[in-house]
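Peer 1: Residue-level listing of the chains:
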Amino acid sequence: MFRADAAVGWLASQLASSREQGFAGLRVAVDMSWALRPVAGIEELPRFEEGIAAVLAGTAASVLCQYDQDRFDPVTLASVAGFHTRSVAAATYYADALLRICRQYAPPGIRAAGELDYQAEEPLAFALAEAVRLDGDVVLNLSGLTFSDARCTLVIAEAARAIASSGRAVTLQCVPGVAKGFARLGIAGVPRVRLVTAGDQ
Amino acid sequence: MTSDPGLPGPRPGTAPDGPALVDQEFGSGSLYALRAAVAAHAASAGLSQDQVDDVLAAAHELAANTVRHDAGHGRIRLWADDQFLYCQVSDDGPPASGEDRTPASSPASWQTGHGHGLWLIGQVAAGFTLDHRAAGTTATARFAIASPAQPPDPRPPARSQDAYPH
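Sequence lines, in order, name chains F and G.
For what it's worth, my numbering labels the leading residue of the first sequence as 1, then goes sequentially.
For what it's worth, my numbering labels the leading residue of the second sequence as 202, then goes sequentially.
By construction, these hints were calculated from the structure, which means they are not laboratory data.
Predicted model only: the values in this text are computed from it and were never measured.
One thing to keep in mind: the hints can contain errors.
Pairwise CB distance ranges, derived in the manner of DEER restraints [what the hints assert, rightly or not]: (1) G:Thr330 to F:Asp96: 51 to 57 Å; (2) G:Ser249 to F:Pro108: 33 to 39 Å; (3) G:Asp332 to F:Pro107: 32 to 38 Å; (4) G:His270 to F:Pro74: 47 to 53 Å; (5) G:Gln250 to F:Thr92: 46 to 52 Å; (6) G:Ser249 to F:Pro107: 30 to 36 Å; (7) G:Ala237 to F:Ala81: 29 to 35 Å; (8) G:Gly230 to F:Glu43: 41 to 47 Å; (9) F:Leu134 to G:Gly230: 57 to 63 Å.
Residues on chain G that point at chain F, a partial pick, calculated with CB under 10 Å [claimed, not checked]: (10) His242; (11) Gln250; (12) Asp251; (13) Val253; (14) His261; (15) Arg269; (16) Ile322; (17) Gln324; (18) Leu331; (19) Arg334; (20) Ala335.
Selected chain G positions facing chain F (in silico; Cβ < 10 Å) [unchecked claim]: (21) Leu222; (22) Tyr233; (23) Arg236; (24) Asp254; (25) Asp255; (26) Leu257; (27) Ala258; (28) Glu262; (29) Val268; (30) Ala272; (31) His274; (32) Phe285; (33) Ala345; (34) Ile346.
Where is the CB? At the ideal position from N, CA and C, for every residue including glycine.
Whenever a hint applies, use it, and build me the whole structure from the sequences.
Peer 2: Here's what the structure looks like:
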């Protein structure tokens, strides 16, 4: 059972406690995914956010509420957005009615959804260039992509090969129709590149 | 492709006089609509999802070539006979000079630039013809339609096919 009053009270006590201990401020990061579980009282979520905003007013504390945009519905996100003084979304390289390409922070890489063709090659290449510069292994999350033409499939395969050639692992996540394009290029034979087909249950 | 005068109906690979499954104009701003129409009608013509993906890929590459390298706009037609589904893209402009419009038979060179789309068509289609004329270019790809009379596949269903109810 979630009670907004109790949660806000807990935060207020933490704030008081840190002040008593002589800290100049307090930073709290909250993963809001708990709110997706079947929790009773979830309708109090906006009140919780409102309460936090009230407790924080005039203090040197900051609370970072993290909402996974893949999992929360837009209505819920919009209902809590007003209580946040600042909001930060993943860096978006491209977004229109047909296609969205954005940075993926965990696991590191990029995420693309929609339909990809040569007309979006430039933002795609830019996003991939950033992914190539990331440290460590890279995940190219294309599972929301329903189409990729020959040109863009080639551009992505080239980037995957470039990352893999620097000794890092690359995972390509995509639906079967898009995976076929990569398979056709022989990506299965490239060391450290893994093709994961969503829909393979 | 040869014609057989003994057979009634249109020559194989020749657009029918009657209504086609798809018959629409396209330009650089309507490739999305083209893909949506091709995917929907290829599926309703009895092709598996795997084949629909191939037809979709070929149709897009043919149209994209027209938009990028030839007239800039064109017409796509999709029709089927008992054996094949045909996808034809035509335009009314001369081909750009110096362009190699023959599907490459060599395996994909990853450095391939222009011509890569045609290579892909060669990979997925059962046949491909290209007709260059002063009045325009007509490219036709055909795809075998699996005959319903063939014996059922004795293999157990592959996992990857689970996502494709037929």
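Peer 1: Compare the structure with each hint and give your call.
Peer 2: Against the structure, the hints:
1. G:Thr330 to F:Asp96: 51 to 57 Å: Between G:Thr330 and F:Asp96, where Cβ atoms are some 35 Å apart, the hint is violated.
2. G:Ser249 to F:Pro108: 33 to 39 Å: The hint (33 to 39 Å, Cβ to Cβ) holds, given that G:Ser249 and F:Pro108 are roughly 36 Å apart.
3. G:Asp332 to F:Pro107: 32 to 38 Å: violated (49 Å)
4. G:His270 to F:Pro74: 47 to 53 Å: violated (40 Å)
5. G:Gln250 to F:Thr92: 46 to 52 Å: Distance hint for G:Gln250, F:Thr92 is violated at roughly 31 Å.
6. G:Ser249 to F:Pro107: 30 to 36 Å: Roughly 33 Å apart at Cβ, these two residues keep to the hinted range, so it holds.
7. G:Ala237 to F:Ala81: 29 to 35 Å: Holds, at about 33 Å.
8. G:Gly230 to F:Glu43: 41 to 47 Å: For G:Gly230 and F:Glu43 the Cβ distance comes to about 44 Å; the hint holds.
9. F:Leu134 to G:Gly230: 57 to 63 Å: The hint (57 to 63 Å, Cβ to Cβ) is violated, given that F:Leu134 and G:Gly230 are roughly 34 Å apart.
10. His242: violated (16 Å)
11. Gln250: Where the cut-off is 10 Å and the nearest Cβ of chain F is about 8 Å from G:Gln250, the hint holds.
12. Asp251: holds (8 Å)
13. Val253: holds (8 Å)
14. His261: holds (5 Å)
15. Arg269: holds (7 Å)
16. Ile322: holds (9 Å)
17. Gln324: At 6 Å from the nearest chain F Cβ, G:Gln324 passes the 10 Å test, so the hint holds.
18. Leu331: violated (17 Å)
19. Arg334: With a closest approach of 26 Å, the G:Arg334 hint is violated.
20. Ala335: G:Ala335 check fails; min Cβ-Cβ to chain F is 27 Å, beyond 10 Å.
21. Leu222: Violated, about 19 Å.
22. Tyr233: holds (6 Å)
23. Arg236: holds (6 Å)
24. Asp254: holds (4 Å)
25. Asp255: This interface hint holds because 8 Å falls under the 10 Å limit.
26. Leu257: Holds, about 7 Å.
27. Ala258: holds (7 Å)
28. Glu262: Status holds, d = 6 Å.
29. Val268: Since chain F brings a Cβ to about 9 Å from G:Val268, closer than 10 Å, the hint holds.
30. Ala272: violated (17 Å)
31. His274: violated (15 Å)
32. Phe285: For G:Phe285, the interface hint is violated, since the closest Cβ of chain F sits about 20 Å away, which is over 10 Å.
33. Ala345: violated (17 Å)
34. Ile346: Cβ of G:Ile346 sits 19 Å from chain F, so the hint is violated.
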